[in-house]
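**Student:** If you want the building blocks of each chain, they are given just below.
2 protein chains.
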Amino acid sequence: MSASGLHSPNSAVAAETLEALLRAAQERVPVPFTLRDAERALVALLEAEDLWDAIRRSRVPMRALCAFWEVLLERGLLERTEEGLHLKEDALALAHELGLGPAPELSCPRCEGRGLDPARLPEDIRERFSRLARRRPEAIQAFDQGFVTEETTWARIALAWSRGDLQGRRIFVLGDDDLMSLAAALSGAPRYVLVVDVDERLVRFLQEAARAEGLDNLEAVRYDLRTPLPEAWIGKFDTFFTDPTESFRGLTLTLSRGLLALHGPGGAGYFGLTHAESSLPKWAQVQRFLLEHGAVLTELRDEFSAYANWNYIEQMRSWSWLPVQLRPTRTWYLSAWHRIELLEQPRLRNEAAEGDIFNDEEAATT
Amino acid sequence: MSASGLHSPNSAVAAETLEALLRAAQERVPVPFTLRDAERALVALLEAEDLWDAIRRSRVPMRALCAFWEVLLERGLLERTEEGLHLKEDALALAHELGLGPAPELSCPRCEGRGLDPARLPEDIRERFSRLARRRPEAIQAFDQGFVTEETTWARIALAWSRGDLQGRRIFVLGDDDLMSLAAALSGAPRYVLVVDVDERLVRFLQEAARAEGLDNLEAVRYDLRTPLPEAWIGKFDTFFTDPTESFRGLTLTLSRGLLALHGPGGAGYFGLTHAESSLPKWAQVQRFLLEHGAVLTELRDEFSAYANWNYIEQMRSWSWLPVQLRPTRTWYLSAWHRIELLEQPRLRNEAAEGDIFNDEEAATT
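Chain order of the listed sequences is A and B. Take the first sequence: its position 281, counting from 1, is numbered 281 in the working numbering, and each next residue is one higher. In the working numbering, each residue's number is its place in the second sequence (first place is 1) plus 1000.
No lab work stands behind these hints, which were simulated from the structure alone. What you are looking at is a predicted structure, and each value in this text was computed from that prediction instead of being measured. Heads up, a few of these hints could be off.
Reference excerpt, derived from the structure (chain A facing chain B, CB under 7 angstroms, subset only) [stated by the list, open to error]:
no., residue
1, Ala24
2, Arg28
3, Pro30
4, Cys66
5, Val71
6, Leu73
7, Leu92
8, Leu106
9, Cys108
10, Ser279
11, Asp302
12, Ile313
13, Trp319
14, Pro323
15, Val324
Don't be surprised by glycine CBs; every beta carbon is placed ideally from N, CA and C.
Kindly generate the complete structure, drawing on both the sequences and the hints.
**Tutor:** What follows is the structure, encoded as structure tokens:
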């Protein structure tokens, strides 16, 4: 792994400054306020058009937010203006050193910002992605592959960007037939993207794409998630993306590796879960697992991910269950996209897993 | 309460038929499959364009779904056609007697159905709502009121309709300055809507609106949720909507009343939660509370609800925290919209609550 990806000379001093501001705010109010909240508040001030827009974008309890602003005002990082608040030079430099920056405006113009419109992402990066994706390896059953539409990949990028999980972040992608790592790197937003996959074909494809496109911050490594997470990756990332196999064992194993890769509280993770292969009691089990390991759900958008039809449809175990054996002609396999955020350090073991992680009674595509 | 609202002569026989089909399917596969799943599968067959579209719309594990289809085929309720599956007359009658029906297509055309487009709801009902809403009571602080935009109310209706929580359902609305009950009744979809509020002004307004619009299935009753839920409402509803005050005590009390009003497993509930008044640790507490009481989260869409600015902004406790005291000129108060579904009978006490349910350290608008 390139050392440059995970370290930045200015960031240590900047992080200390932010922590000092955080502690000062925490002392003033009896309301939880985390480092991640302080980051959100800072980014909101970079993005906002006025005071109330900053409250809206901060996604932090107003009481804590106002205390944080008070601290920024006292230390000369923020000033009052007739229209509201204005970040001063030192605060802009601090945000820059922390790698924080505003996200582009990506909300869907049709619905009061309720949805996201990936078409608002720069056209050139979407085109470069499309061109590369044409040569992607075909989905194979041995690894329970099946990739999402390009539109879905960009909707995921749009959501993560708008939630502060992309800009300046160190991203970990576990299993990537969706090419999330490539889209993330092409966006130019992340500090570093490490993508791991058990499939040699995908790893080579991503390495070649990174070389061809000059994406220095994208690194692809072969890794079988049944083996423990290498020490060098533990606690080193801000955000993970994964779209795991859905046996309860495979799913929680994948999420465990993702959670272990996060730096701790404030780290965010994204993953998919279907109805086709997971009953609601399994969904509840997954939610309990996440809460038990210090994570809170902050988004759960059903039907967010749409999958391109794959070639091995007639070899799926569910093919034999069908009353009429017709191949699908349109998108039918959807999944719910989840965002979690860590509130505590997860207590997870980094152990090897033996045997079949793909199958349980509810599995359909393996 | 009108007896007609909660009983239907044909529904008991139809419910028995569906339960028999359900049991037959359950015996064939070792995968959870509930009555609600069977309903979803039936509605999907009413809505779907082909076999795969039916899988997509069923939101049920494929293995259980295929077993259910097998049972329907054997009992002559479903037939194979060249294009896939076709519901026969008896099945259509069964769905009708159960009050089940297809939902209109409401997905946003911009984003592969990822978002919902309330503008696809019939224009006349939206106009009738707008005309009535012009005379709505003003939001007052005593009850922590503050209503959502009309667009938000319709987005909530669109989501509930598309999730099978409106058509033919008995709806319980707890606290309704958002006028959800009126929008639901105007849609013509629910079997019955009971709306309760502590605010006499709202109850009268809704009663008058129901009378003026000839909405026989809409009933408004004054109720203070600090008192136990009347026996007649316990276990009688399919869906609840609420947008509670956010002190942990007020929130869980409101959710408890909502959960108690549901008929049991398969019942669904919708509620809002903000960042402005609730930290992520509080969100996690709420999620644990729901899971402990037999509910699973099936949607969590942040920034779904947008609130019209209210008049008492300068009387909010958070006004004094602001570094610059400017009134907002645009929408700033947003909340995340949650859908839960019951998997088990919740074990909750129906007790009176004393004292202040509005305040905790994170409260901002009270």
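**Student:** I'd like to know which numbered hints this structure contradicts. Please list them from smallest to largest.
**Tutor:** 1, 2, 5, 7, 8, 12 and 13
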